[in-house]
Amino acid sequence: MTALTDEKIVVRIQSGETEIFGKIIDRYQRRLAGFIKKIIGNHDEVDDLVENSLVAAYVNIQDFDTKKKFSSWILRIAHNITVDFIKKKKPLILPEDWDEADKNNKLFEEMEIEREEKIKINGALEKLELKYREVLVLKYFEDKSYEEISDILHTSTSNVGVIIKRAKSKLREIYEK
Amino acid sequence: MKNKEIKKELMQKIKTGKVVMKPKWEFKLKEWGTEGIGLVAVAVAAVALTALYYFIKIYDPREWLPFGQIGWQIFLEDFPYYWLILNLFLVCAGVWLWSRVGQNYKKTRGGLALAVVGGVLLLSIGLILFRGL
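Sequence order for the protein chains is A and B.
Just so we're aligned, residue 1 is where the first sequence starts under our numbering, counting upward by one.
Just so we're aligned, residue 1 is where the second sequence starts under our numbering, counting upward by one.
Worth double-checking, as some hints may not be accurate.
Quick list of the computed label-pair ranges, beta carbon to beta carbon [stated by the list, open to error]:
1) B:F79 <-> A:G161: 28 to 34 Å
2) A:V59 <-> B:I128: 44 to 50 Å
3) A:E7 <-> B:L129: 47 to 53 Å
4) A:V59 <-> B:I125: 30 to 36 Å
5) A:R31 <-> B:G36: 36 to 42 Å
6) B:I85 <-> A:E7: 46 to 52 Å
7) A:Q14 <-> B:G36: 22 to 28 Å
8) A:L130 <-> B:E63: 54 to 60 Å
Chain A side only, calculated, beta carbon under 8 Å to chain B, not exhaustive [unchecked claim]:
9) S15
10) T18
11) I20
12) E51
13) N52
14) V59
15) N60
16) I61
17) I86
18) F141
19) S145
20) T157
Hint data in this document are derived by calculation from the structure and do not stem from the laboratory.
All residues carry an ideal CB built from backbone N, CA and C; glycine is no exception.
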């Protein structure tokens with residue numbers, strides 16, 4: 001039996017089957033928490049931001065175009081809520097023990113960095129400006145394509161490429177200091 | 001532990017109607033409103049550009065330019081700035097509004113600006129020709 005895609009679930013929610021929103025929560029709660037944690041790093045606030053993101057996703061679900069990818073849409077909501085939070089509060093310190101998603105991620109591979117060096121690179125990421133940090137998180141931890149990142153950050157695909165290039169170069173600069 | 005709490009609490013709020021989804025028409029209205037205001041901005045910007053052209057043609061402040069510094073002063077005093085300012089403001093507003101419509105965020109600001117300026121110019125030329133100005 002094939003599992004329902006996110007988009008099919010959303011079609012059913014949009015047509016009134018609100019109780020299956022629980023499936024969306026099951027699928028995205030941890031993922032959103034991982035994403036937000038990498039951006040703000042504050043464990044205490046992460047759950048509230050995840051909850052706010054899920055509430056916003058439900059409230060605005062009729063705005064979702066089911067021809068598009070739901071994961072990009074919900075990550076955009078989480079991104080907006082996280083950015084609002086950062087604007088209101090001081091940027092917080094990233095945790096050293098980023099969750100399991102970073103175990104084999106491509107950023108570390110691309111930078112040819114050993115696992116023991118991860119703490120150092122986490123520190124470098126922490127020092128990166130938000131716009132560079134979030135694009136690296138989306139590309140290398142969420143494994144999003146340029147097209148999807150452009151949907152999440154609402155910018156052109158070419159601009160995504162430019163920001164990623166700059167982010168990697170800035171990260172390397174900070175890392176090598 | 002918190003994982004289950006979020007789901008339980010949120011689903012409870014949905015069931016009891018404390019969290020309600022916004023109707024589709026609200027999003028459509030917002031989208032059409034932005035598009036409509038964007039179109040109005042482009043149309044009024046074209047009218048402002050046409051008015052600028054018209055007033056320069058009628059009063060022609062350029063005639064004062066050969067009279068040296070005094071001529072320049074009169075030219076600057078007579079120039080119909082308000083139409084120019086209105087036009088520039090509406091072009092900027094138009095670009096800002098259109099960048100918020102649909103998938104336009106994928107386009108570069110330069111490309112959008114070019115499209116809006118092109119639209120304003122075409123409309124303005126159309127107005128000038130239609131009104132025989």
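Each hint, compared with the structure:
Take F79 of chain B and G161 of chain A: their Cβ atoms lie about 44 Å apart, and the range 28 to 34 Å is violated. For V59 of chain A and I128 of chain B, the Cβ-Cβ distance of about 48 Å falls inside the hinted range of 44 to 50 Å, so the restraint holds. Under the hint 47 to 53 Å, the C-beta atoms of E7 of chain A and L129 of chain B, about 49 Å apart, fit the expected range. Checked against the hint of 30 to 36 Å, the pair V59 of chain A and I125 of chain B fails, with Cβ atoms roughly 46 Å apart.
Taken as a hint, the range 36 to 42 Å holds for the pair R31 of chain A and G36 of chain B, whose Cβ atoms sit roughly 37 Å apart. In this structure the hint that I85 of chain B and E7 of chain A lie 46 to 52 Å apart at CB holds, the actual value being about 47 Å. Distance hint check: the CB atoms of Q14 of chain A and G36 of chain B are about 25 Å apart, consistent with the given range 22 to 28 Å. Take L130 of chain A and E63 of chain B: their Cβ atoms lie about 56 Å apart, and the range 54 to 60 Å holds.
The criterion of a C-beta within 8 Å of any C-beta in chain B is not met by S15 of chain A, whose closest approach is roughly 11 Å, and the hint is violated. A cut of 8 Å between beta carbons decides the hint on T18 of chain A: the least distance to chain B is about 6 Å, and the hint holds. Hint status for I20 of chain A: violated, given a least beta-carbon distance of 10 Å to chain B, over 8 Å. Because the smallest distance between the Cβ of E51 of chain A and any Cβ of chain B comes to about 5 Å, under 8 Å, the interface hint for this residue holds.
At a threshold of 8 Å, the smallest CB-CB gap from N52 of chain A to chain B is about 10 Å, leaving the interface hint violated. With 8 Å as the threshold, the beta carbon of V59 of chain A comes within range of chain B, its nearest partner Cβ sitting at about 6 Å, so the hint holds. The beta carbon of N60 of chain A is positioned within 8 Å of a beta carbon in chain B (closest approach about 6 Å), and the interface hint is therefore held. For I61 of chain A, the interface hint holds, since its Cβ comes within 8 Å of a Cβ in chain B; the closest pair sits about 5 Å apart.
Below 8 Å, beta-carbon pairs count as interface contacts, and I86 of chain A has none with chain B, the closest being about 21 Å; its hint is therefore violated. Contact between F141 of chain A and chain B, as hinted, is not supported at the beta carbon level, the nearest pair being about 20 Å apart and thus beyond 8 Å. Hint status for S145 of chain A: violated, given a least beta-carbon distance of 13 Å to chain B, over 8 Å. With a cut of 8 Å, the hint placing T157 of chain A at the interface with chain B holds, because the nearest CB-to-CB distance is about 6 Å.
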